[in-house]
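Peer 1: Okay, here's what each chain looks like letter by letter:
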Amino acid sequence: MNFLSRWLLSPGARSKARGSGPELNKLFVYFLSPVDRANLLSSTSSSSSLSQQEVATKIKQTHRLTVLLKHCSEQLLAEYVRHQGEPFSSPDFQPPAMAVPGLPSPSVPPEAWLALSDGKRLWHLAAAYATLPGLLGSVRRQQAELNPLASELHRQLEAAARQCLGLAGNLEGIMGALELPGPPPPSSSLGGPPTSAFLAKLTGYHVCRLHRDWAMRSHEALGLLRTKYPL
Amino acid sequence: MLLLDAPGNTECPAQDICDSRALSSITRYMANTDNPGCGSTVLSWVSLTGNPAVISPQDPTLVIGSSLTATCSVNSDLHLKAEDLYWTLNGRRLPPESYKVLNGTTLSVALANLNGSRQQSGDNLVCHSRDGSILAGSCLYVGLPPEKPGNITCWSKNMKDLTCQWAPGTDGETYLHTNYTLKYKLRWYGRDNTCQEYRTAGQYSCHIPKDLALFTPYEIWVEASNRLGVAVSEVVMLDILDVVTTDPPADVTVSRVGDLEDQLSVRWSSPPALKDFLFQAKYQIQYRVEDSSEWKVVDDVGNQTSCRLAGLRPGTVYFVQVRCNPFGIYGSKKAGIWSDWSNPTAASTPRSDRVPGVCDPKSGEQNTTLRRELKQFFGWVKKHAYGCSNLSIKLYDQWRVWLQKSHKTRNQVGATRR
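Line by line, the protein sequences are chains S and X. Under this note's numbering, read the first sequence as residues 466 to 696, first letter to last. Under this note's numbering, read the second sequence as residues 4 to 421, first letter to last.
Extracted from the complex, chain S is given alone in its bound form (with noise of 0.2 Å):
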């Protein structure tokens, strides 16, 4: 790619580009390399409705977002096992993996998860924080009946319900500022609800657990983007 290319791809100069008049353009694009053309005229004919500098605002405020969804997830968790006995609560608890229906556990393993596309990441997040919010508050339900005097977990997983419909939010504004396919709606079955109380106790493990696992993949991936665009 030679320099003239190069600075026209750039971020600033599109957006100049955008504004200097169709005979202008023409010119600039003489210059370009075939694939650099292409490139070129496909970031400058999107007519996304946020500019770049609003783009690079909301990835800025969604990264901030899942530093708070970290925190809470954790907290929520510790708050979880307290209420349930041992052997949740111990340190060393091995559960029993189960499927969460409706909600993938982050089956990529970590440097799968890195070599990914920010589509393909984003995609994944949106698939997962589509469904967190229904499953969180299925689990406080049912913490209703199994531990009804413990409001500050209650609380907890309100709040969780609510971050993960926010996150969920801004990833589809993000999503759509920067075209990218979003994951289909999730289908409206949960499941039924646990049959027994241990079960009950399980399910919400798994979900507080997955909420935290995926925290923790969504904070690294709007790291990465946020460095891809930035303010």
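It is worth saying that the hints were derived from the structure and are not from the lab. All C-beta atoms in this analysis are idealised placements derived from N, C-alpha and C, irrespective of residue type, glycine included.
If the Cβ cut is set under 8 Å, some of the chain S residues that face chain X in the computed set are:
hint, residue
1, Gln559
2, Ser661
3, Lys666
Chain S is fixed; fit chain X onto it per the hints.
Peer 2: Chain X alone, transformed into the frame defined by chain S:
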């Protein structure tokens, strides 16, 4: 289909295999183990047609001290033997002596003399395979049925609402979550009502905000229920008008009474809410000095809105509070319930000017008295004695001056004499 990887396998199943299995209707059962090659999830995993094991009974409720025999039946697909299993209760391993192998895939455990549940969500009785992984669980609820709640006391704020408090039976410890419901009905009307707003005045309280009738007795009682049973308190009967309380008096001011060092005047206005109701308010005042915690109560204030405190210490800061009792509402002879005390108002008594002052030397005091006496004497002489008309207090003063002078020279002479 069964796929069992031994723990320690460092290979991660390929992503597409994971997805295809997810698509199948077989429940995925994965053992969770940490492995650097695979992230924090998924290492060895097992596909099953159902749960790995089943414990019976599920979520039983028991009285403290009772015994229980539970069984754990493993799914035959797992190829685990009953001898390979063990039990834990709340994380603590149960002794193998209490186990019994019932058949190839079923192990039972005998629990005796159970203690009250450690947490309200139930004790966790868990069946494990030999390597420690959890196969199934059941929550035990061990406790006591509730005792009759008692000591129901209620009050109505300005005849608008009713708040009741009660005490749980014994000390309230049933080890199980116990639900309390306050119910009330008009004595001769029949329909039960349930109070909705709980914990407004402490843990065992409820608030009925509206739709209360006056001049008609209510029946009020509390029902306590938990997994082991129900207990109902005695019924309390009351008329709202008999348990009326009100807000504390408003605009409490405390001021000095002129220069009087030992008195303060307290003034207040009657609580505004009861202005329209025919009642005679009774008031009480309590006061204390700033650095004491002992309150003095003035009981016989009656229904005036002012009172004078006497016998106080001069130059002291006092805190004063007033409260009100709506006595004889609508002509009844009964007293109501005392309101809260008003916020403390502070005031200080004046300090007297006459300070029992700095000690004058004794001789000085004597001189003053002596001089006064002499003055009186010379006055008398002038009046009653014809001679010595030149005698006056001035003569005395001159003599004093001479005395001081000669005292000095005598000292000086003394010094030189040496």
